[in-house]
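These protein sequence lines map, in sequence, to chains A and B. In terms of the working numbering, the first sequence has 120 at position 113, counting the first letter as 1, and numbering is strictly consecutive. In terms of the working numbering, the second sequence has 92 at position 85, counting the first letter as 1, and numbering is strictly consecutive.
Because the hints were derived from the structure by calculation, they are not lab data. Just so you know, these numbers come straight off a predicted model, no measurement behind them.
The list treats identical chains as interchangeable, and a pair is accepted whether it falls inside one copy or across any two copies.
30 Å max Cα-Cα, derived DSBU-like pairs, lysine-lysine:
| # | residue 1 | residue 2 |
| --- | --- | --- |
| 1 | Lys61 | Lys141 |
| 2 | Lys129 | Lys57 |
| 3 | Lys100 | Lys29 |
| 4 | Lys83 | Lys141 |
| 5 | Lys43 | Lys119 |
| 6 | Lys170 | Lys200 |
| 7 | Lys29 | Lys61 |
| 8 | Lys119 | Lys61 |
| 9 | Lys100 | Lys22 |
| 10 | Lys129 | Lys43 |
| 11 | Lys15 | Lys100 |
2 protein chains.
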Amino acid sequence: MRSQTISKLAAAFRKLPGVGPKTAMRYAYAVIEMDKEQSDNFVDAIIQAKAKIKMCSICGDYTENEICELCGARDKSVVCVVSRPQDVIAFEKMGDYNGVYHVLHGELDFQKGVGVDNIRIKELLDRINSGGIKEIIIATNPDVTGELTASYLAGIIKPLGVKVTRLAYGISIGSEIEYADELTLQRALQDRKEL
Amino acid sequence: MRSQTISKLAAAFRKLPGVGPKTAMRYAYAVIEMDKEQSDNFVDAIIQAKAKIKMCSICGDYTENEICELCGARDKSVVCVVSRPQDVIAFEKMGDYNGVYHVLHGELDFQKGVGVDNIRIKELLDRINSGGIKEIIIATNPDVTGELTASYLAGIIKPLGVKVTRLAYGISIGSEIEYADELTLQRALQDRKEL
Numbered sequence: 008m009r010s011q012t013i014s015k016l017a018a019a020f021r022k023l024p025g026v027g028p029k030t031a032m033r034y035a036y037a038v039i040e041m042d043k044e045q046s047d048n049f050v051d052a053i054i055q056a057k058a059k060i061k062m063c064s065i066c067g068d069y070t071e072n073e074i075c076e077l078c079g080a081r082d083k084s085v086v087c088v089v090s091r092p093q094d095v096i097a098f099e100k101m102g103d104y105n106g107v108y109h110v111l112h113g114e115l116d117f118q119k120g121v122g123v124d125n126i127r128i129k130e131l132l133d134r135i136n137s138g139g140i141k142e143i144i145i146a147t148n149p150d151v152t153g154e155l156t157a158s159y160l161a162g163i164i165k166p167l168g169v170k171v172t173r174l175a176y177g178i179s180i181g182s183e184i185e186y187a188d189e190l191t192l193q194r195a196l197q198d199r200k201e202l
Numbered sequence: 008m009r010s011q012t013i014s015k016l017a018a019a020f021r022k023l024p025g026v027g028p029k030t031a032m033r034y035a036y037a038v039i040e041m042d043k044e045q046s047d048n049f050v051d052a053i054i055q056a057k058a059k060i061k062m063c064s065i066c067g068d069y070t071e072n073e074i075c076e077l078c079g080a081r082d083k084s085v086v087c088v089v090s091r092p093q094d095v096i097a098f099e100k101m102g103d104y105n106g107v108y109h110v111l112h113g114e115l116d117f118q119k120g121v122g123v124d125n126i127r128i129k130e131l132l133d134r135i136n137s138g139g140i141k142e143i144i145i146a147t148n149p150d151v152t153g154e155l156t157a158s159y160l161a162g163i164i165k166p167l168g169v170k171v172t173r174l175a176y177g178i179s180i181g182s183e184i185e186y187a188d189e190l191t192l193q194r195a196l197q198d199r200k201e202l
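Based on the provided sequences and hints, a complete structural model is requested.
Shown next, in the form of structure tokens:
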């Protein structure tokens, strides 16, 4: 009964992260109900993004140019290493960081076959080897793959004579200690600071 | 810092129902990370849907043909009136209904300026007037606008000598009475059946 064309559109939406069959169908109907200008706009936005967006040849963040705006303007002696381009947005929202980034585009995950050659580690080492970098801040996610990636990177970067740091772990600002998970609380206790 | 092109793509996703800024950005990044085949597929699915999908000239459901499959095959003496094409899918999933549908494409909502001429009521009356219909089952949503639409339709259809029914209200199968809302419980009590 349901049209092939609608099913195909819903199937396309299911490729997006977190979209199940019901949501996909809801999106498909929404597209069918859009006026032509809106749907043309949608199609054009996808085509333009696929055509124009590439990785910055230095940091790997998404950009429309050969080198991204941040790599062109910031203090190049401090490099914050993140897993994904979205993490750059989080840092930039905070606004307190004036260094540059290095986007790995993934985290080491040997079980899923993501090894050292599958994420942008070689590119990071090349940046370090070409000189001028004083500190590498590792800001991978505080989970298994993120920790693994962080400790691997620390192990290969430290011998190069560059300072390696990682983000502090601890209780979130505005959260309640009652609801903090045990691991986070443990880290917060270990890393306690004198007042 | 963030590319215009990515922002535009995220803005396009925000036109979808229930998509906020964070989800839209997540979808935009997912599209950028798709391989070319997948994104071409996505674009093509939208273009095809917009080009091929139209309303069935009888019932108003979405179809790729002049008349939808259901209108061509089913018992035309019983018509189930629903608000949206998605509701047809819910009925067809159930599989217990052998009549045809009439999709209103909306519900009366005078506060939002949706009046009698803005939804497919005239088309429904035309169908009734052209003869052969014995029963109209009203299956608009059990909320304010759905109830308003249902009572309006009942008021204009009954004088035409056609039986008008509505779906039963009551407690959901598998639910717990403890958690039923008061209105539903009230309706279930009013409409109680002898065993």
